[in-house]
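Chains A and B are the protein sequences, given in the same order. First residue of the first sequence? That's 3 in this note's numbering, and the numbers climb one at a time after it. First residue of the second sequence? That's 3 in this note's numbering, and the numbers climb one at a time after it.
Please note that the accuracy of each hint is not assured.
[Claimed, not checked] Simulated pairs of lysine-lysine, PhoX-like, Cα-Cα distance not exceeding 20 Å:
(1) A:K4 <-> A:K34
(2) A:K283 <-> B:K129
(3) B:K34 <-> B:K4
(4) A:K129 <-> B:K283
By construction, these hints were calculated from the structure, which means they are not laboratory data.
Number of protein chains: 2
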Amino acid sequence: MKSLDESVFAIVGLGLMGGSLALALRAGAACKEILAVERNDDVCARALARGVADQASADLALAAQADIVVLAAPVRTILAQLPEVGRQMRGGAIVIDLGSTKQEITRAMASLPASVQPIGGHPMCGKEVAGFDAADAQLFRGAVFVLTPLARTAPSTLECAEAIVRSIGAHPQVLDPARHDQIVATTSHLPFALAALLMTTADDLAHQDELVFALAASGFRDTSRLAASDTQMMSDVLLTNRRNVGNVLRDYGRRLNRLADAVEREDESTVNAILQRAAAKRRELFHA
Amino acid sequence: MKSLDESVFAIVGLGLMGGSLALALRAGAACKEILAVERNDDVCARALARGVADQASADLALAAQADIVVLAAPVRTILAQLPEVGRQMRGGAIVIDLGSTKQEITRAMASLPASVQPIGGHPMCGKEVAGFDAADAQLFRGAVFVLTPLARTAPSTLECAEAIVRSIGAHPQVLDPARHDQIVATTSHLPFALAALLMTTADDLAHQDELVFALAASGFRDTSRLAASDTQMMSDVLLTNRRNVGNVLRDYGRRLNRLADAVEREDESTVNAILQRAAAKRRELFHA
Numbered sequence: 003m004k005s006l007d008e009s010v011f012a013i014v015g016l017g018l019m020g021g022s023l024a025l026a027l028r029a030g031a032a033c034k035e036i037l038a039v040e041r042n043d044d045v046c047a048r049a050l051a052r053g054v055a056d057q058a059s060a061d062l063a064l065a066a067q068a069d070i071v072v073l074a075a076p077v078r079t080i081l082a083q084l085p086e087v088g089r090q091m092r093g094g095a096i097v098i099d100l101g102s103t104k105q106e107i108t109r110a111m112a113s114l115p116a117s118v119q120p121i122g123g124h125p126m127c128g129k130e131v132a133g134f135d136a137a138d139a140q141l142f143r144g145a146v147f148v149l150t151p152l153a154r155t156a157p158s159t160l161e162c163a164e165a166i167v168r169s170i171g172a173h174p175q176v177l178d179p180a181r182h183d184q185i186v187a188t189t190s191h192l193p194f195a196l197a198a199l200l201m202t203t204a205d206d207l208a209h210q211d212e213l214v215f216a217l218a219a220s221g222f223r224d225t226s227r228l229a230a231s232d233t234q235m236m237s238d239v240l241l242t243n244r245r246n247v248g249n250v251l252r253d254y255g256r257r258l259n260r261l262a263d264a265v266e267r268e269d270e271s272t273v274n275a276i277l278q279r280a281a282a283k284r285r286e287l288f289h290a
Numbered sequence: 003m004k005s006l007d008e009s010v011f012a013i014v015g016l017g018l019m020g021g022s023l024a025l026a027l028r029a030g031a032a033c034k035e036i037l038a039v040e041r042n043d044d045v046c047a048r049a050l051a052r053g054v055a056d057q058a059s060a061d062l063a064l065a066a067q068a069d070i071v072v073l074a075a076p077v078r079t080i081l082a083q084l085p086e087v088g089r090q091m092r093g094g095a096i097v098i099d100l101g102s103t104k105q106e107i108t109r110a111m112a113s114l115p116a117s118v119q120p121i122g123g124h125p126m127c128g129k130e131v132a133g134f135d136a137a138d139a140q141l142f143r144g145a146v147f148v149l150t151p152l153a154r155t156a157p158s159t160l161e162c163a164e165a166i167v168r169s170i171g172a173h174p175q176v177l178d179p180a181r182h183d184q185i186v187a188t189t190s191h192l193p194f195a196l197a198a199l200l201m202t203t204a205d206d207l208a209h210q211d212e213l214v215f216a217l218a219a220s221g222f223r224d225t226s227r228l229a230a231s232d233t234q235m236m237s238d239v240l241l242t243n244r245r246n247v248g249n250v251l252r253d254y255g256r257r258l259n260r261l262a263d264a265v266e267r268e269d270e271s272t273v274n275a276i277l278q279r280a281a282a283k284r285r286e287l288f289h290a
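Required output: the full structure, derived from the provided sequences and hints.
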């Protein structure tokens, strides 16, 4: 097996995540060549002009030249691309993805030709701004990068994936896909849903009262930030993690109703217990 | 009536908001003297040492020396202080508060002696860190500062309050207390409740799975930020805006269930409609 710095990468999808990976690999001189598969001609041209990619085209056939193929599109696009990527890849090549849910992708990876080596991936970082122009070589620095090997994933493939993760400044965390999807439903998909529904709630009130957004301060701004995330990406995420997301949203709804009950009946001790527990945990995690 | 720069201020409660007001008034040389009424001896000593206050004591009797009394404690402490403040104040003096809900406070202000001039206030800014040490002379800069005059509030009192607001770099917005409380239930109290319940939801899962917070990235961090807010302040806020808060939380819970329904039945067009509306509005408001 080639060392990382002798390897040719094909990155499929040069948006925020794929573009940031290309920039990070290049910044660290971590690989030999970067081939970009990207539908948007302008992005291809800019990636070539900036030296971020050595070749760029809309054709998945570029994957045939790669030692390591990275799928960096929204989850359901990855699911659609996998069979063709598998047909194109050379024997022994590795395919890893950057998708935000892992069960459906690793299930689809299990059907790839036996000659290729698949492993799931999910870097725990992002921005609410999408696209190649928002890409950032520092995006992965310090982030946890989840790796979900399949039963068929060779130890050397996992080692290679861990080397990629470390080369961009992230920390590998091997995880079962089901466990990953359950955790991120709470830590990532729920915060996104809360931000989106906060925006629609406030927007509905703003249709009755023109001062609503004039009174929205930094708390509203930060709590609603994720609502600006790429909607195609997030729609794919929610729809490929349906059971976990449904369960978490309904559980959260019950918590909201219990808080509403306590507020309405002026049950100060219940309100305080909820608020104090939340504040203590938030301060422990982020102000330590 | 004295001009602002000839006026003596008494600020009751030298926490984040009262402390920031004292710093901002001082930075702008906007008044003659600042008297601090503060229960915490250490804070009094530091305020005097830093020259933020000219006198500082736990005794509300200091209010008797002031032309303008500012109540900067949590809402229910303000409600408890108002009768005594009214007894102490000299004739013609103004009392304004910085509390986050306005209906109960303006109702209590209506019972003050006829010789004093009350007006409600609420600066639309804050931090999730409480206390005098977090106070910041720039906190109000650029913020909307709601003023809620009573029927008995003289035009000259409103003018004086507007001058105070402008002297600290904020923008006055006159508003009816009921309308204020309805709007902030959505723009401020709802985001806080969402952040607090996000923390307790994740913490419950973390008791079953030790990797939960390892996978929490910047989205979780920002969406949960308000959970660290001062719990006494926020408990007072929710409990003095019970009907609006209860209605908003229940309405929001119904939106969550509708989104959960759409996700579970893989209703892509409903999911996309919600996500796209939220993203468009968020980008219009904050990325323009």
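Verification of the hints:
For the hint pairing K4 (chain A) with K34 (chain A), the CA-to-CA distance comes to about 11 Å; that is within 20 Å, so the pair holds. Between the alpha carbons of K283 (chain A) and K129 (chain B) the distance comes to roughly 17 Å, so the proposed pair stays at or under 20 Å and holds. Between K34 (chain B) and K4 (chain B) the alpha-carbon distance is near 11 Å, which keeps this suggested pair within the 20 Å criterion. The suggested pairing of K129 (chain A) with K283 (chain B) holds, with an alpha-carbon distance near 17 Å, which does not exceed 20 Å.
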